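Using the hints, build the complex out of the two chains.
In order, the protein sequence lines correspond to chains G and F.
Numbered by this note's numbering, the letters in the first sequence go through residues 1 to 117 in order.
Numbered by this note's numbering, the letters in the second sequence go through residues 1 to 587 in order.
If you're looking for bench data, these hints aren't it; they were derived computationally from the structure.
These numbers were taken from a predicted model, which means no experiment stands behind them.
Hints may contain errors.
Between beta-carbon pairs, the in silico distance windows are [to be verified]:
{"#": "1", "chain 1": "F", "residue 1": "399", "chain 2": "G", "residue 2": "112", "range": "39 to 45 Å"}
{"#": "2", "chain 1": "F", "residue 1": "489", "chain 2": "G", "residue 2": "18", "range": "33 to 39 Å"}
{"#": "3", "chain 1": "G", "residue 1": "21", "chain 2": "F", "residue 2": "552", "range": "28 to 34 Å"}
{"#": "4", "chain 1": "G", "residue 1": "21", "chain 2": "F", "residue 2": "438", "range": "34 to 40 Å"}
{"#": "5", "chain 1": "F", "residue 1": "478", "chain 2": "G", "residue 2": "11", "range": "54 to 60 Å"}
{"#": "6", "chain 1": "G", "residue 1": "2", "chain 2": "F", "residue 2": "431", "range": "32 to 38 Å"}
{"#": "7", "chain 1": "F", "residue 1": "442", "chain 2": "G", "residue 2": "38", "range": "46 to 52 Å"}
{"#": "8", "chain 1": "F", "residue 1": "438", "chain 2": "G", "residue 2": "34", "range": "38 to 44 Å"}
{"#": "9", "chain 1": "G", "residue 1": "18", "chain 2": "F", "residue 2": "438", "range": "32 to 38 Å"}
{"#": "10", "chain 1": "G", "residue 1": "34", "chain 2": "F", "residue 2": "401", "range": "33 to 39 Å"}
{"#": "11", "chain 1": "F", "residue 1": "552", "chain 2": "G", "residue 2": "112", "range": "45 to 51 Å"}
{"#": "12", "chain 1": "F", "residue 1": "399", "chain 2": "G", "residue 2": "38", "range": "33 to 39 Å"}
{"#": "13", "chain 1": "G", "residue 1": "34", "chain 2": "F", "residue 2": "395", "range": "35 to 41 Å"}
Using 27 Å as the maximum straight-line C-alpha spacing, the simulated DSS-like pairs for lysine-lysine come out as follows [as the list claims (entries may be wrong)]:
{"#": "14", "chain 1": "F", "residue 1": "411", "chain 2": "G", "residue 2": "110"}
{"#": "15", "chain 1": "F", "residue 1": "372", "chain 2": "G", "residue 2": "53"}
{"#": "16", "chain 1": "G", "residue 1": "110", "chain 2": "F", "residue 2": "430"}
{"#": "17", "chain 1": "G", "residue 1": "53", "chain 2": "G", "residue 2": "38"}
{"#": "18", "chain 1": "G", "residue 1": "110", "chain 2": "F", "residue 2": "377"}
{"#": "19", "chain 1": "F", "residue 1": "431", "chain 2": "G", "residue 2": "110"}
{"#": "20", "chain 1": "G", "residue 1": "64", "chain 2": "G", "residue 2": "38"}
{"#": "21", "chain 1": "G", "residue 1": "53", "chain 2": "F", "residue 2": "411"}
For every residue, glycine included, the Cβ atom is placed at its ideal position computed from N, Cα and C.
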Amino acid sequence: MRLLLVDDEEEFVATLAERLSLRGIVADWVTSAKGAEKMIETRHYDLALLDVKMPRVGGRELKKIIEKKLPGIKTIYLTGHGSAEDYQAGSAEAEYYLMKPINISDLIEKINDALGK
Amino acid sequence: MNKLLKLFSPNFLWGGKQGKGPLYRHMFNYSRLWRSAVMLTALSAILPLLAITWFDYNVTQKAVESETLSRTSRTVSNTKRTISSFLAERKSALDFIVHDNLYEELIDPVRLSVILESLRKSFGGISDIGVIDASGQQIAYIGPYLLEGKNYSGQDWFKEVVERGIYISDVFLGFRNEPHLVIAISYELPAGSFYILRTSIDTDRLNEQLLNLELGAQGNAFIINSKGVLQTPARHHKKVFEKIVIPVPEYSSKTEAFQYNDPDEGSQILGYAYIPDTPFILMIVKNKNEMMKSWHKTRFEILIFLSIGILIVMVGVIGFATFFVNNIYIADQRRIKILHQVEYSNKLSSIGRLAAGVAHEINNPLAIINEKSGLIKDIFQFTDIYAKDEKLIGLVDAIHNSVARCGTITKQLLSFARHMDFSFQPVDLKKVIREVIGFLGKEAEYRNIKTSINISQDIPEFKSDRGKLQQVFLNLFNNAFAALSDGGNLDISAIRIRNDRIRITVADTGCGIPEKDLKKIFEPFFSTRTTVGGTGLGLSITYSLIQEIGGTLEVTSTVDVGTRFIITLPLNAKMIKEKNNALTPRG
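Pulled out of the complex, with its shape left as it was, chain F reads as follows (with noise of 0.2 Å):
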């Protein structure tokens, strides 16, 4: 869990532990890097899939909104039929009574009644009948009024059916307050006159065809006439007779479906047909959003998927881009190490050089002087005359001493550097431990530090690196002097363990490392001095000095008491040196 928590929040998103110095410099910047990752791929994955859903999403609204359209056009469609068949069905009867019956019979107001009975109970709704002849007298009636003798001659429709032979007006109230409508068709008489025969009929029976039709999604099917007023009763608040707000369509011979914005209720789908012969155009309104309800529900399904394609896009791009910047970050932290701990080998291997070349080069005037101060010391002892000068003597003395001194240091310095570059050769730890310590003396007598060195006898010279030895323990006693405080005490013990191995242990009674400090100790570049000029490296190269001669190192510490470090390295290191090779190709 932690793992994967590390695999979405690595440490180079914070920064990463970024050092200043030239080894630095060409570090990237990784949260950068990081960013640049993550947006480019994603970018390459989601535009794609961006693309194709808008693609998608476009496509599919089309259909669905053509097939609205189309599926509007058909129920206009049908409704246009059954209406057109409900009319000629009417004006088919007429046509039949002007066949089945002579003109003579027609205006016999006995026959006319009873054609009138047979219709309302063929058809329904019809409210009355009558024969006009050829100069627009109404010759015989049959209804509720008293319209005998009335001449239509001077009317529009008069002239219309003349004209056409037959004429279905638009719905009106006329005197009985009642929406109705007239047919009225014309016949030839053979003699060349004509007469017309004209019935009015209650448009009831219409509106409930369309008040029943199924329409659905709000839907709304009505008749208007060519000026745009409602002929029947639109199903909502519009009453009969009202001019109703959409414009009046176009005319078109085939059924039309469109979309049409109502200021008040929105997008509507309208569709309509001119009913042929007839000024009406039926109209049927759907509400738009209603008929798009399934396409609706797609769009949010296409959505859902959107997202979770992008979420699941971002998730692997995230996962990838933060697996890759972080090998690469953890490749430069490496490599930063093992520059610095080349460049901390070289800056050792220079120093030794520099002291080589000072200490040879004060070694042979010193050498002069020690066997000019012997010559005179000789002289002094062989021949009689000086031998009693106490003071010369002493004077003398002296020199030697201060000359004696001078050259254990030089001797120390040579000592240092000559084993600077060396491989494996024989070692003896004390004496590797005394010169590292020699190196410290003075550091330690001005703190009043008691170094106390304790090695066993029964460990043999051994074949090691001298000069990492030597870098480990100057390391770890410049640390333990760095954690000392001034009357502390350094311990160095060594023992033999398993025959084959020798355990040292340097402890000191410093201020000790807390417990979440210890285990990031030997991590490179993680160090407590960092104000006080400590790289975090010291610790860090010391461990991988002893790995590399074949020891490991570990620590204990409690803080306020002190830090115990324990090196265990073998006897024979030639043959865990050649192992270590073999098991650590990655360095």
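With the rest of the complex left out, here is chain G (with noise of 0.2 Å):
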């Protein structure tokens, strides 16, 4: 099992992916939308984490990137912001939509819940 973790603030998704990797989740972190592409060329992922609002290219757009390198990708969304657009469409598009800041334990069973759908 293996995540990407795409979020603009560094120190977040840095923190998150340290955190995770002490759980035993192994998750690779980027800060755009160019480094995720980046990282599909080479490796399989079986879940993205995107943040829905970021510079350039937003969560749900790349989204769409993602699924056709590798298609049946599980998507969360995890959000600071939440307009309505995006929590209507973010909810129906992704597994999950979730709100920063998040409780880690129940992003873990977030995550095993989409894992395991």
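Okay, here's the thing in structure tokens:
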């Protein structure tokens, strides 16, 4: 099981990856959509944890790009923002739509859920 | 009846419910609008009415006046004929005598006394008769006085009769102290000489004729001579030979009538005619007021007609003006209510956007703090070095808990903002109520207000407008909090009724609403908290919001016990909303 974390907040995404690895979940992280595209060139991921609001390319757009390369990948959106459309579309498109800040155990639970689906 | 009374005494006349603020700046001054509407329409209706009435009044008055004058003039004319013929008869009699008798017969006293006797029998009122020769000497005389041999040649009348062939004297008293007049005619003898036959006539007959005239209107018929001296008694305290107050009118061959203002008796109608070949002027004086009596009645009728006309016009004008201004007023009130509602929801959505912005900005650093402190804790737990250090773990937990609390707040804010503009979507009633209560949680805590939420388990998620529901509950809870004193209770309960509806009850144990206010609380601008910043719109907006989502709002209240708002919502609002739209096009 390998996760890809994409969030423009490096402090957040790096720490989260470290915490997940402490719990035995392998997670790579990048801070932009471009980085994410590079990562999926070389590796397979089971689940992508995407920030919805990112500069230039946002999470929802990125999801489409990733899905082209890796069909069947699961997605969880993670956001600090909550515009109405994002919420509606996000909760429909992705497995989960989670709000920052998030409890680590909740997150792991959702990840397992998503992968188990 | 009430409705009729309201038509004539609507709210706007007493200033209406005027609020403060920019929305009211463009409101009409209704009572001024009403006044000018009434004035303009009344003027344009009443002025022509007045003009026509004035015109009619004048025309009628003139007609009546000229009718009065001509009536008087007719009477004068008739009377003149009577008087003329009275005198002409006597003159003709004298004419007959001189033609029927020779001069020699006339100067025979026996014959003359027979003639006098005949005249008396035929005419009456003849007191004497005499024959005067060309030298002015009275040759024969039959009568009560010894006037035989008297010479008249120096007297004016003698000259006149010589000149004109006839003479009729003014009325005078003479020796007998009886008013009488003298008629004399001259007769030319074949020899070229002439003689005069002279007779005295009592004026009693004449007076009688005048007094018996049916004049009416306190009329008064009399004869004056050319100097204005009364020749016959006038009906009112004027004796014969007195000079009348009325100036002698100008000579006219026709009968004349005019108005005359008597200083004592007021307005009079005066008709007169000069009686030809005599010094007499016949005069008839009538009281104008008496004659105009029929006019006074007509005038009164015209005035009554005018008053009724004005009354009807005014009632109509005031009724219409009130009706139209009231409609403007109601439309304005409705407009302001809608503007308020728009303003209110605008305000709410700006607050929502602001909250969302703040929440978002805070969420990201919050997430970082969360992860960092989480990592610290992880390190503690996954390595043995700090695992035993209870204090450090405690500190990290404290940070964690605070972050979680902040997270809850920002999530609440976001959730509130997110649903602000939403239309119909599945709604979890319990969640909505909890969210709204969440905002008031702190106040409830400080004021020790106990809130209890009791939602029946069989209420499913139902489609409704979440934003509107939030607004409704926020308004109702705010009201309840305002009514509650510290330590009161707010109970919110919801049950399912009739399978397709939900009944939500919001009950407080606050001050309650007096019965007289209860009917008005859903009216816009009705507020008992005006002094403390209430707009009077909260419940009005709540009411229309509930209507918009297909529900109803009812209220029951007991003063000092509490107030209970009951909301009934449809479970399937979509259907009802469509119906609602069709039913309420006026919004």
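Quick rundown of the hints versus the structure:
1. Remark: the range hint 39 to 45 Å for residue 399/F to residue 112/G is contradicted by a beta-carbon distance near 26 Å.
2. Taking 33 to 39 Å as the suggested C-beta distance range, the pair residue 489/F and residue 18/G does not conform, at roughly 50 Å.
3. Between residue 21/G and residue 552/F the beta carbon distance is about 58 Å. The supplied range of 28 to 34 Å is therefore violated.
4. Distance hint check: the CB atoms of residue 21/G and residue 438/F are about 36 Å apart, consistent with the given range 34 to 40 Å.
5. Taken as a hint, the range 54 to 60 Å is violated for the pair residue 478/F and residue 11/G, whose Cβ atoms sit roughly 40 Å apart.
6. Separated by about 36 Å at the C-beta atoms, residue 2/G and residue 431/F satisfy the suggested range of 32 to 38 Å.
7. The hinted window of 46 to 52 Å between residue 442/F and residue 38/G holds, with their beta carbons roughly 48 Å apart.
8. Checking the proposed 38 to 44 Å range against residue 438/F and residue 34/G shows it holds: the Cβ atoms sit about 40 Å from each other.
9. Between residue 18/G and residue 438/F the CB atoms are about 34 Å apart, so this pair conforms to the stated range of 32 to 38 Å.
10. Distance hint check: the CB atoms of residue 34/G and residue 401/F are about 37 Å apart, consistent with the given range 33 to 39 Å.
11. Hint check: residue 552/F to residue 112/G, Cβ distance near 47 Å, so the stated range 45 to 51 Å holds.
12. At roughly 35 Å, the beta-carbon separation of residue 399/F and residue 38/G lies within the given 33 to 39 Å, and the hint holds.
13. The given range of 35 to 41 Å is respected by residue 34/G and residue 395/F, whose C-beta atoms sit roughly 39 Å from each other.
14. Straight-line distance between C-alpha atoms of residue 411/F and residue 110/G comes to about 18 Å, which keeps the hinted pair within the 27 Å bound.
15. For the proposed pair residue 372/F and residue 53/G, the alpha carbon gap of about 21 Å is at most 27 Å, so the pair holds.
16. Taking the CA atoms of residue 110/G and residue 430/F, the gap is near 24 Å; set against the 27 Å cutoff, the hint holds.
17. Between residue 53/G and residue 38/G the alpha-carbon distance is near 20 Å, which keeps this suggested pair within the 27 Å criterion.
18. In summary, the hint linking residue 110/G to residue 377/F is supported, as the alpha carbons are separated by about 21 Å, within the 27 Å threshold.
19. For a cut-off of 27 Å, the pair hint linking residue 431/F to residue 110/G stands: about 22 Å separates their Cα positions.
20. For a cut-off of 27 Å, the pair hint linking residue 64/G to residue 38/G stands: about 15 Å separates their Cα positions.
21. Distance check on the hinted pair: residue 53/G and residue 411/F sit about 16 Å apart at the alpha-carbon level, within 27 Å; holds.
In the structure shown, a violation is registered for the earlier hints numbered 1, 2, 3, 5, in ascending order.
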